[in-house]
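Chemist: Each chain, letter by letter, is given below.
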Amino acid sequence: MKFGILVNEGPFQHQASDTAYHFVKAALEKGHEVHRVFFYHDGVNNSNKLSEPQQDDRNIVQRWSKLAQEHGIDLVVCVAAALRRGIKDEILAPGFRISGLGQLVESGIQADRLVVFGD
Amino acid sequence: MKFGILVNEGPFQHQASDTAYHFVKAALEKGHEVHRVFFYHDGVNNSNKLSEPQQDDRNIVQRWSKLAQEHGIDLVVCVAAALRRGIKDEILAPGFRISGLGQLVESGIQADRLVVFGD
Amino acid sequence: MLHTVNKSPFQTRTLESCLRHALPGSAVLLIEDGVYAAMQGTPIADKVRAAMEQVRFYVLGPDLEARGMDGDKVIEGIEIVDYGGFVDLTIEYGTVQSWL
Amino acid sequence: MLHTVNKSPFQTRTLESCLRHALPGSAVLLIEDGVYAAMQGTPIADKVRAAMEQVRFYVLGPDLEARGMDGDKVIEGIEIVDYGGFVDLTIEYGTVQSWL
Amino acid sequence: MSEVTGGVEMEEETGGTVKKFMFVNRKAPYGTIYALEALEVVLISAAFDQDVSLVFLDDGVYQLKKGQHTKAVDMKNFSPTYRALEGYDIDKLYVEKESLEQRGLTPDDLVVDVQVLSADEISKLMAEQDVVLSF
Amino acid sequence: MSEVTGGVEMEEETGGTVKKFMFVNRKAPYGTIYALEALEVVLISAAFDQDVSLVFLDDGVYQLKKGQHTKAVDMKNFSPTYRALEGYDIDKLYVEKESLEQRGLTPDDLVVDVQVLSADEISKLMAEQDVVLSF
Numbered sequence: 001m002k003f004g005i006l007v008n009e010g011p012f013q014h015q016a017s018d019t020a021y022h023f024v025k026a027a028l029e030k031g032h033e034v035h036r037v038f039f040y041h042d043g044v045n046n047s048n049k050l051s052e053p054q055q056d057d058r059n060i061v062q063r064w065s066k067l068a069q070e071h072g073i074d075l076v077v078c079v080a081a082a083l084r085r086g087i088k089d090e091i092l093a094p095g096f097r098i099s100g101l102g103q104l105v106e107s108g109i110q111a112d113r114l115v116v117f118g119d
Numbered sequence: 001m002k003f004g005i006l007v008n009e010g011p012f013q014h015q016a017s018d019t020a021y022h023f024v025k026a027a028l029e030k031g032h033e034v035h036r037v038f039f040y041h042d043g044v045n046n047s048n049k050l051s052e053p054q055q056d057d058r059n060i061v062q063r064w065s066k067l068a069q070e071h072g073i074d075l076v077v078c079v080a081a082a083l084r085r086g087i088k089d090e091i092l093a094p095g096f097r098i099s100g101l102g103q104l105v106e107s108g109i110q111a112d113r114l115v116v117f118g119d
Numbered sequence: 001m002l003h004t005v006n007k008s009p010f011q012t013r014t015l016e017s018c019l020r021h022a023l024p025g026s027a028v029l030l031i032e033d034g035v036y037a038a039m040q041g042t043p044i045a046d047k048v049r050a051a052m053e054q055v056r057f058y059v060l061g062p063d064l065e066a067r068g069m070d071g072d073k074v075i076e077g078i079e080i081v082d083y084g085g086f087v088d089l090t091i092e093y094g095t096v097q098s099w100l
Numbered sequence: 001m002l003h004t005v006n007k008s009p010f011q012t013r014t015l016e017s018c019l020r021h022a023l024p025g026s027a028v029l030l031i032e033d034g035v036y037a038a039m040q041g042t043p044i045a046d047k048v049r050a051a052m053e054q055v056r057f058y059v060l061g062p063d064l065e066a067r068g069m070d071g072d073k074v075i076e077g078i079e080i081v082d083y084g085g086f087v088d089l090t091i092e093y094g095t096v097q098s099w100l
Numbered sequence: 001m002s003e004v005t006g007g008v009e010m011e012e013e014t015g016g017t018v019k020k021f022m023f024v025n026r027k028a029p030y031g032t033i034y035a036l037e038a039l040e041v042v043l044i045s046a047a048f049d050q051d052v053s054l055v056f057l058d059d060g061v062y063q064l065k066k067g068q069h070t071k072a073v074d075m076k077n078f079s080p081t082y083r084a085l086e087g088y089d090i091d092k093l094y095v096e097k098e099s100l101e102q103r104g105l106t107p108d109d110l111v112v113d114v115q116v117l118s119a120d121e122i123s124k125l126m127a128e129q130d131v132v133l134s135f
Numbered sequence: 001m002s003e004v005t006g007g008v009e010m011e012e013e014t015g016g017t018v019k020k021f022m023f024v025n026r027k028a029p030y031g032t033i034y035a036l037e038a039l040e041v042v043l044i045s046a047a048f049d050q051d052v053s054l055v056f057l058d059d060g061v062y063q064l065k066k067g068q069h070t071k072a073v074d075m076k077n078f079s080p081t082y083r084a085l086e087g088y089d090i091d092k093l094y095v096e097k098e099s100l101e102q103r104g105l106t107p108d109d110l111v112v113d114v115q116v117l118s119a120d121e122i123s124k125l126m127a128e129q130d131v132v133l134s135f
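Chains as they are written, first to last, in our numbering: chain P, 1 to 119; chain X, 1 to 119; chain D, 1 to 100; chain E, 1 to 100; chain S, 1 to 135; chain A, 1 to 135.
Incorrect hints may appear among the rest.
[Said to hold, decoys possible] Restricting the straight-line Cα-Cα distance to at most 20 Å, the calculated cross-link-like pairs of lysine to any residue (SDA-like) are:
| hint | chain 1 | residue 1 | chain 2 | residue 2 |
| --- | --- | --- | --- | --- |
| 1 | S | LYS76 | X | GLU52 |
| 2 | A | LYS66 | A | PHE78 |
| 3 | X | LYS30 | D | GLY85 |
| 4 | A | LYS66 | E | GLN40 |
| 5 | A | LYS124 | D | TYR93 |
| 6 | P | LYS30 | E | GLY94 |
| 7 | P | LYS25 | E | ILE91 |
| 8 | P | LYS2 | S | THR17 |
| 9 | S | LYS20 | E | TYR93 |
| 10 | A | LYS71 | P | LEU67 |
| 11 | P | LYS25 | E | VAL81 |
| 12 | P | LYS49 | X | LEU83 |
| 13 | A | LYS76 | P | ASN59 |
| 14 | S | LYS124 | S | VAL114 |
| 15 | X | LYS88 | P | PRO53 |
| 16 | A | LYS65 | E | ILE75 |
| 17 | P | LYS88 | X | ASN59 |
| 18 | S | LYS124 | E | GLN54 |
| 19 | A | LYS76 | E | GLU65 |
| 20 | E | LYS73 | A | VAL111 |
| 21 | P | LYS88 | X | ASP89 |
| 22 | X | LYS88 | P | ASN59 |
| 23 | D | LYS73 | S | ASP109 |
| 24 | S | LYS66 | D | ASP72 |
| 25 | S | LYS124 | E | LEU23 |
| 26 | S | LYS65 | D | ALA45 |
| 27 | A | LYS124 | D | LEU19 |
[Unchecked claim] Some chain A residues near chain P, calculated using beta-carbon distances under 7 Å:
| hint | residue |
| --- | --- |
| 28 | GLY31 |
| 29 | THR32 |
| 30 | ILE33 |
| 31 | ASP74 |
| 32 | LYS76 |
[As the list claims (entries may be wrong)] Here are some, though not all, of the chain D residues that point toward chain A, as calculated from beta-carbon distances under 7 Å:
| hint | residue |
| --- | --- |
| 33 | MET1 |
| 34 | SER17 |
| 35 | ARG20 |
| 36 | HIS21 |
| 37 | LEU23 |
| 38 | THR95 |
| 39 | SER98 |
| 40 | LEU100 |
Derived from the structure by calculation, the hints contain no laboratory data.
Even for Gly, the Cβ is constructed at its ideal location relative to N, Cα and C.
Next comes chain P alone, as it looks inside the complex (with noise of 0.2 Å):
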């Protein structure tokens, strides 16, 4: 099966980047596909590289760019988002790029499900 995924909340403030990472771990844990992940509303925050959270608590950022390193995951920050909220390729992570919401609508045809992580 081929997973699209789309983040609509950023780091921390909100369960759902964890959730999504969860689940798209556990797909590709089952030999699924997850073609692409998408940023999109404050999920664009989700690529800041600049995060540092505390040692005892977990990495969001570094763990997106290292799933995204390990299994080819296309992580897409949505650009007209980004733009609005201050991400920029300077602060940009490794693994993520920006690019249009057509790629988000794309990855609903290609993709076999769509999955949507917010609040």
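Could you slot chains X, D, E, S and A onto chain P? The hints should help.
Modeler: Coordinates of chains X, D, E, S and A only, in the frame set by chain P:
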């Protein structure tokens, strides 16, 4: 009257920062003092100078900077919440400073009214 | 004491929680998505009218206008205020509790 | 069709809205703060039990554990799943609607 | 066009597939950004020639309320955009009867012509979709 | 100490003022960060020798639920911190009776000893405060 303000949400996603801004502006117009606006939780994202909203939309970050400079308001971003979310001096808009939660408690002690805006 | 409510009464139970804690003589100010509770012709209006026997109600005009809510259809007795009026209410009623 | 609900039934009306739209044969998965709806001994439990006559209910175990909700006190007939089980449900039931 | 679609060359990449896309709008406008940003996705989806429908239920019905004036809150009034959807061949707009009635609204209160459906009819429509995007 | 308090020298800056501070906790833990970050403010407030009380109502009562295990969600379990509050001389913890009962909980289900108050009693306590911080 002396006001302290707490903003718990980031720009655009929720109206909290907008309402807080209009409240502060109205208080100043009535001759009151707003000694500090404290940004907590996702509220720290209001200080990201990379934010670039569309031309026909308000610029929330710049609006806070301008108000602070014109009226000497202390815009304080919580350091713990900011680190978590990747807000650091290198992307901090003019007029904001990063400091500890004690600044919020102090604001509650010094102000006649502390008003909270959030989600 | 001034209570503010910024959530739609159709989406969350925030208004109910506020009304359970608003003592006689205190005031409730409806802002942001909370302004929908100020409108006539909904099941919420009855609850608000009942609460108004002991508590003063205000609603933020700019938020009504943004949402296309007609000031003429606001429940009779609820006063429409602007941001300056919001400031005045925090002074008049003392400590503010924001029901988020 | 798989419906997910991630809000507490005590705070928002999201679960009600989901139940109004879950057709017989579809499934509801409770996640995040939505897991509180899976517990026995609350007024919500009756609504869930009624809905269970036509719709299958699942609840995300990791979210129950995080919140200290005892698996033994989950409403009888609601199946506890892990993240892998969540993945399986999206495959089994087809299109996913997230009630946010 | 390739700019708005994020560089996706539609015919090539999507191979002429037509799926049923439903956008579920359940939140009031202005209090949060979901309504506005959902509309931005809807507009982009028009470029992909998919079978698009929009559903407004719960507080989402408020998005279509006539007479929105955002000057005093200094926010962007995006309600005229709903009227522009027809020009993009997006004309399947459904509003839930129960949600409208509970809020004391009628179709006359809305900025666009919509089809009013019962919760049951909406549920059936939803069950037929390939992709449901909820905001 | 000046680090945790944000460089504020307490005696100097606050002139020995003691105000009544109430923290109103109304949200469940983990689904959102409010509970965790509210707790961080509470801990800092202890350094300022104010008259601090915590109220748990609505879903906020879930913050105190015993037996939280966050390994599988990979989040920080902050529930033990509530037990540490006493060491900071923060011992006014109030839980609303109605909120507990509606959720089928009793004081035995909670990680700390609390005073259970009715909604009416909570309301009166709230009305006596100088500062109410709600999360």
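Chemist: If a hint holds in the structure, say so; if it does not, say that too.
Modeler: Here's how the hints hold up against the structure:
1. S:LYS76 x X:GLU52: 15 Å, holds
2. A:LYS66 x A:PHE78: Distance of about 12 Å is within 20 Å: holds.
3. X:LYS30 x D:GLY85: Between LYS30 (chain X) and GLY85 (chain D) the Cα gap is close to 10 Å, so the pair holds against 20 Å.
4. A:LYS66 x E:GLN40: Distance ~17 Å between LYS66 (chain A) and GLN40 (chain E) Cα, so the pair holds.
5. A:LYS124 x D:TYR93: 15 Å, holds
6. P:LYS30 x E:GLY94: 17 Å, holds
7. P:LYS25 x E:ILE91: Given pair LYS25 (chain P), ILE91 (chain E) holds - Cα atoms ~16 Å apart, limit 20 Å.
8. P:LYS2 x S:THR17: 16 Å, holds
9. S:LYS20 x E:TYR93: OK: LYS20 (chain S) and TYR93 (chain E) at ~17 Å, within 20 Å.
10. A:LYS71 x P:LEU67: 19 Å, holds
11. P:LYS25 x E:VAL81: 15 Å, holds
12. P:LYS49 x X:LEU83: Holds, because 11 Å separates the two Cα atoms, which is no more than 20 Å.
13. A:LYS76 x P:ASN59: 11 Å, holds
14. S:LYS124 x S:VAL114: Judged against 20 Å, a Cα distance of about 17 Å means the pair holds.
15. X:LYS88 x P:PRO53: 12 Å, holds
16. A:LYS65 x E:ILE75: Measuring from Cα to Cα gives roughly 18 Å; hence the hint holds.
17. P:LYS88 x X:ASN59: 16 Å, holds
18. S:LYS124 x E:GLN54: Distance ~15 Å between LYS124 (chain S) and GLN54 (chain E) Cα, so the pair holds.
19. A:LYS76 x E:GLU65: Holds, because 13 Å separates the two Cα atoms, which is no more than 20 Å.
20. E:LYS73 x A:VAL111: 18 Å, holds
21. P:LYS88 x X:ASP89: Distance ~16 Å between LYS88 (chain P) and ASP89 (chain X) Cα, so the pair holds.
22. X:LYS88 x P:ASN59: 16 Å, holds
23. D:LYS73 x S:ASP109: Holds: LYS73 (chain D) and ASP109 (chain S) sit about 13 Å apart, inside 20 Å.
24. S:LYS66 x D:ASP72: 15 Å, holds
25. S:LYS124 x E:LEU23: Holds. LYS124 (chain S) to LEU23 (chain E) sits at ~8 Å (cutoff 20 Å).
26. S:LYS65 x D:ALA45: Between LYS65 (chain S) and ALA45 (chain D) the Cα gap is close to 19 Å, so the pair holds against 20 Å.
27. A:LYS124 x D:LEU19: 13 Å, holds
28. GLY31: Nearest chain P Cβ about 5 Å off; hint holds.
29. THR32: 5 Å, holds
30. ILE33: Hint on ILE33 (chain A): holds, closest Cβ of chain P at ~5 Å, below 7 Å.
31. ASP74: 5 Å, holds
32. LYS76: 5 Å, holds
33. MET1: 5 Å, holds
34. SER17: 5 Å, holds
35. ARG20: 5 Å, holds
36. HIS21: At 4 Å from the nearest chain A Cβ, HIS21 (chain D) passes the 7 Å test, so the hint holds.
37. LEU23: Where the cut-off is 7 Å and the nearest Cβ of chain A is about 5 Å from LEU23 (chain D), the hint holds.
38. THR95: Hint on THR95 (chain D): holds, closest Cβ of chain A at ~5 Å, below 7 Å.
39. SER98: 5 Å, holds
40. LEU100: 6 Å, holds
Checked against the numbered hints above, the structure violates none of them.
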